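Trainee: Those protein sequences? They're chains X and A, same order as listed.
Just so it is clear: in the first sequence, position 374 is 373 by numbering that gives the first Met the number 0, and no numbers are missing.
Just so it is clear: in the second sequence, position 207 is 206 by numbering that gives the first Met the number 0, and no numbers are missing.
Simulated from the structure, these hints should not be mistaken for laboratory data.
Keep in mind that this is a model prediction, so the values were computed, not measured.
All C-beta atoms in this analysis are idealised placements derived from N, C-alpha and C, irrespective of residue type, glycine included.
Worth double-checking, as some hints may not be accurate.
Claimed, not checked - Listed below are several chain X residues computed to face chain A (Cβ distance under 10 Å; list not exhaustive): (1) 221; (2) 235; (3) 252; (4) 363.
Stated by the list, open to error - Taking CB as the label site, the calculated pair distances span: (5) X:61 with A:140: 56 to 66 Å; (6) X:275 with A:121: 23 to 33 Å; (7) A:184 with X:138: 51 to 61 Å; (8) X:406 with A:59: 17 to 27 Å.
What the hints assert, rightly or not - The following residues of chain A were derived to be distant from chain X, with all beta-carbon distances above 12 Å: (9) 2; (10) 4; (11) 70; (12) 95; (13) 117; (14) 132; (15) 159; (16) 177; (17) 195; (18) 202; (19) 203; (20) 266; (21) 274; (22) 307; (23) 317.
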Amino acid sequence: MIRILVLAAMGCVLLLPATAAQAQQQEGGEAIRGTIVQRPEEGDPVPVPGVDIAVTTGDGEDVGTVTTAEDGSYALELPGPGDYSATLVAETLPEDVQLTDPDRATLEFTIRPGQSRPLLYPLGEAESVGGRFAAFMSRALQLAVEGIKFGLIIAMTAVGLSLIFGTTGLVNFAHGELVTFGAIAAWIINVTFGVHFFLAAILAMGVGALAGGLLDRGLWAPLRRRGTGLIAMLVISIGLSILLRYSFLYFFGGRTRPYGQYAVQRAIEIGPIGIAPKDIIAIVLSLLVLVGVGLILQRTKIGKAMRAVADNRDLAESSGINVERVILFVWAFGAALATLGGVMLGLGEQVSWQMGFQLLLLMFAGVTLGGLGTAYGALLGSIVVGLFIQMSTLVISPELKNVGALLVLIFILLVRPQGILGQAERVG
Amino acid sequence: MNWEFILGRSLSSAIGSDAAVFALAAIGLNLHFGYTGLLNFGQVAFMALGAYGLSVTVATLGLSLWWGIPIGLALSVTLALLLGLPTLRLRADYLAIVTIAASEIVRFVARSVSMRGVTGGSFGLSGFADEFYAVNPIPGGSYGFGVVQFSARALWVIAVAWGLVAIISLMVYVLMHSPWGRVLRSIREDEDAARSLGKNVYSYKMQSLVLGGLFGTIGGFMYAISQQSVQPDTYSTPVTFYCYAIIILGGTARVLGPVLGSMIFWGLLSFTDTALRQAVGAGYIPTAIMDGTQVGQSRFVLLGLGLMLLMIFRPQGILGDRREIALDAH
Numbered sequence: 000m001i002r003i004l005v006l007a008a009m010g011c012v013l014l015l016p017a018t019a020a021q022a023q024q025q026e027g028g029e030a031i032r033g034t035i036v037q038r039p040e041e042g043d044p045v046p047v048p049g050v051d052i053a054v055t056t057g058d059g060e061d062v063g064t065v066t067t068a069e070d071g072s073y074a075l076e077l078p079g080p081g082d083y084s085a086t087l088v089a090e091t092l093p094e095d096v097q098l099t100d101p102d103r104a105t106l107e108f109t110i111r112p113g114q115s116r117p118l119l120y121p122l123g124e125a126e127s128v129g130g131r132f133a134a135f136m137s138r139a140l141q142l143a144v145e146g147i148k149f150g151l152i153i154a155m156t157a158v159g160l161s162l163i164f165g166t167t168g169l170v171n172f173a174h175g176e177l178v179t180f181g182a183i184a185a186w187i188i189n190v191t192f193g194v195h196f197f198l199a200a201i202l203a204m205g206v207g208a209l210a211g212g213l214l215d216r217g218l219w220a221p222l223r224r225r226g227t228g229l230i231a232m233l234v235i236s237i238g239l240s241i242l243l244r245y246s247f248l249y250f251f252g253g254r255t256r257p258y259g260q261y262a263v264q265r266a267i268e269i270g271p272i273g274i275a276p277k278d279i280i281a282i283v284l285s286l287l288v289l290v291g292v293g294l295i296l297q298r299t300k301i302g303k304a305m306r307a308v309a310d311n312r313d314l315a316e317s318s319g320i321n322v323e324r325v326i327l328f329v330w331a332f333g334a335a336l337a338t339l340g341g342v343m344l345g346l347g348e349q350v351s352w353q354m355g356f357q358l359l360l361l362m363f364a365g366v367t368l369g370g371l372g373t374a375y376g377a378l379l380g381s382i383v384v385g386l387f388i389q390m391s392t393l394v395i396s397p398e399l400k401n402v403g404a405l406l407v408l409i410f411i412l413l414v415r416p417q418g419i420l421g422q423a424e425r426v427g
Numbered sequence: 000m001n002w003e004f005i006l007g008r009s010l011s012s013a014i015g016s017d018a019a020v021f022a023l024a025a026i027g028l029n030l031h032f033g034y035t036g037l038l039n040f041g042q043v044a045f046m047a048l049g050a051y052g053l054s055v056t057v058a059t060l061g062l063s064l065w066w067g068i069p070i071g072l073a074l075s076v077t078l079a080l081l082l083g084l085p086t087l088r089l090r091a092d093y094l095a096i097v098t099i100a101a102s103e104i105v106r107f108v109a110r111s112v113s114m115r116g117v118t119g120g121s122f123g124l125s126g127f128a129d130e131f132y133a134v135n136p137i138p139g140g141s142y143g144f145g146v147v148q149f150s151a152r153a154l155w156v157i158a159v160a161w162g163l164v165a166i167i168s169l170m171v172y173v174l175m176h177s178p179w180g181r182v183l184r185s186i187r188e189d190e191d192a193a194r195s196l197g198k199n200v201y202s203y204k205m206q207s208l209v210l211g212g213l214f215g216t217i218g219g220f221m222y223a224i225s226q227q228s229v230q231p232d233t234y235s236t237p238v239t240f241y242c243y244a245i246i247i248l249g250g251t252a253r254v255l256g257p258v259l260g261s262m263i264f265w266g267l268l269s270f271t272d273t274a275l276r277q278a279v280g281a282g283y284i285p286t287a288i289m290d291g292t293q294v295g296q297s298r299f300v301l302l303g304l305g306l307m308l309l310m311i312f313r314p315q316g317i318l319g320d321r322r323e324i325a326l327d328a329h
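The shape of chain X in the complex, shown without the other chains (with noise of 0.2 Å):
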């Protein structure tokens, strides 16, 4: 009701002759006035009539409600000095034009006594159709960027895992843990020895390595020995897992923390998206490094004995390869790897005490993805589901990207349980 009385006293605002609001304006009256236009990249501005400018005051109490005319322009009297904020009622424009910033459909201004103020609206044209569809896919490239570096991270992490899986059997619930450890012990080089991030990453590479064998030599290794089940294995990395994660809140505090560099970075602009140098090295570094990984498991002696390993334990065995050496040769080296994806994650989002064990879902739906077991396989799906989970938020809530990564996991063991890469076997 009240908008109606508004909008017919807007009506009498805008059949004031130009002089008369020029007379008021003299008089002191406080007031908004100014042409709506659209200016193309070529040619003349064009005015633009009929569209609605709602305004109220600073406390939300409305004020009015203004439509351009035919010549684009507009005015409002206000009632008195104060803050304002104006809205541009978006649906009032033509079809073809459109706002350059649409945040800015909503100005807040201050009028001073006696002023009469002009409102900026910067339009333009035929966003309408292919400006939202480039907005759309520039949001969708920087999206991927996130994805693959994400996807990346999994990968490094998620190699050891399924090599693990691959050659002992053993689905390591405390692999997260290691990522955790690698971090940690980067932080700790790096922030309370000084050391510069680069050598911190490299020596913490080597601690997590050697982790990474002693766990192998200290714990599974004896277990293997004396043929404890798989399950009981798999229970046993989950108390493994518990023990170590609240150890790192015991002794590194519940506090997530950056490291001494490169913790912030402005984004740099490479076309439509923008990213920190850091990211770049980053996303190149773990490139190099998966395929470093890819070249010792194809050309390397150790390398081939892996595969042959986790291909099939037995047969290996038969052919002379020391079936315990190759494996503790993997738990270093996937130790390592998740190290270094623990140091970039912690690059990224800080380090904290259970960054691991949340990246460990995320591992098994990767590994999973790519074929339980398989060193490729784990490759292709980590960088499949960090560019899933980065690319749903275009169409899903960011808080439930997570769940969607998770679903997708579900729902391949639906129809091609092996993975991606695995072998069609029966599996159960």
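Given chain X's structure and the hints, the job is docking chain A onto it.
Mentor: Then chain A, alone, in the frame of chain X:
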């Protein structure tokens, strides 16, 4: 160090409502893991569905508390079918990954902003169990002996929860001594042998998953009622791991294993907590080594260590029989 207080607190925890709730969830898990050999790592999801089924029914839908029970049970059966359909035909570890994923999905969805109108988002829901306390037949006052004291409200929850534990334990006993129970065990021992005898292994596994899930859901009802509130992060994956610790401690594939395990688990947890707190407070442990917040963390360190040592050195637990735990992935 006030030992009377420490032992009293431990005893209260051992017979308290939390111990009963975890006994219920662990009985369900025992059916999955102990008797059937199913690796369910999402038992907490069944508990969460019970708790949310009840609280959403009352606090959001405005229905009676008693409607929440069939709703929660129906949700639980639905989840079990959804989880079981794709995975029960596959190797055991696939079920493990899918169930743990499902339990996180339930939690993420319950705590999401878009669900705030239904589940209360990350704040959860509270004050929905008044109808349960309204039918409390125990007259007001405090009951107990020495330092072990319960209010009439607490005693009512405890009585109902342990009553349910007794009924369900009896049910499991009868089931496990029936032909149905023997088929479950034979599936655990050798799935192929059971299949070659003409048993529909898939269907038996599914029945076990559904039934054990229902027990977890009943535990979830009692958890929500005893706390008069639900919060999504209460129902995160460590809860499932506690259930595993409980059944392995008490004795896998034993009717009273989860019950005894839960009592000892909660008693020990409370004992280490109060004893360490008192030791820190009295200055026996310098605060440089351990302070108040680290006490809570250290007991989880001990929990992890305990779970590992138990599984390595006494996998049959306290009541267990080594022949009953020939668990292995085929």
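Trainee: Taking 12 Å as the cut and beta carbons as the points, is residue 177 of chain A off the interface with chain X?
Mentor: 25 Å, holds
Trainee: Hey, is residue 132 of chain A genuinely clear of chain X, shortest beta carbon separation above 12 Å?
Mentor: Non-interface label stands for residue 132 of chain A: nearest chain X Cβ at 34 Å, farther than 12 Å.
Trainee: With 10 Å as the cut and Cβ atoms as the points, is residue 363 of chain X at the interface with chain A?
Mentor: 5 Å, holds
Trainee: Examine each Cβ of chain X, and state whether all of them lie more than 12 Å from the Cβ of residue 195 of chain A.
Mentor: Residue 195 of chain A clear of chain X: closest Cβ-Cβ about 15 Å, beyond 12 Å.
Trainee: Using the beta carbons of residue 61 of chain X and residue 140 of chain A, state whether their distance is inside 56 to 66 Å or not.
Mentor: Because 60 Å falls inside the window, the suggested range holds.
Trainee: With chain A as the partner, please determine if residue 221 of chain X meets the hint condition of a C-beta pair closer than 10 Å.
Mentor: 9 Å, holds
Trainee: The output says residue 307 of chain A does not contact chain X. Does that hold with a beta carbon cutoff of 12 Å?
Mentor: Non-interface label on residue 307 of chain A violated, nearest chain X Cβ at 4 Å vs cutoff 12 Å.
Trainee: Hey, is residue 266 of chain A genuinely clear of chain X, shortest beta carbon separation above 12 Å?
Mentor: 19 Å, holds
Trainee: Just to be careful: measuring from the Cβ of residue 235 of chain X to every Cβ in chain A, is the smallest value less than 10 Å?
Mentor: 5 Å, holds
Trainee: Just double-check residue 4 of chain A for me: nearest Cβ-Cβ distance to chain X has to come out over 12 Å.
Mentor: 25 Å, holds
Trainee: Mind checking the hinted window 23 to 33 Å against the Cβ distance between residue 275 of chain X and residue 121 of chain A?
Mentor: 29 Å, holds
Trainee: With d taken as the least Cβ-Cβ distance between residue 274 of chain A and chain X, does d exceed 12 Å?
Mentor: 17 Å, holds
Of the numbered hints given earlier, the model fails hints 12 and 22; all others are met.
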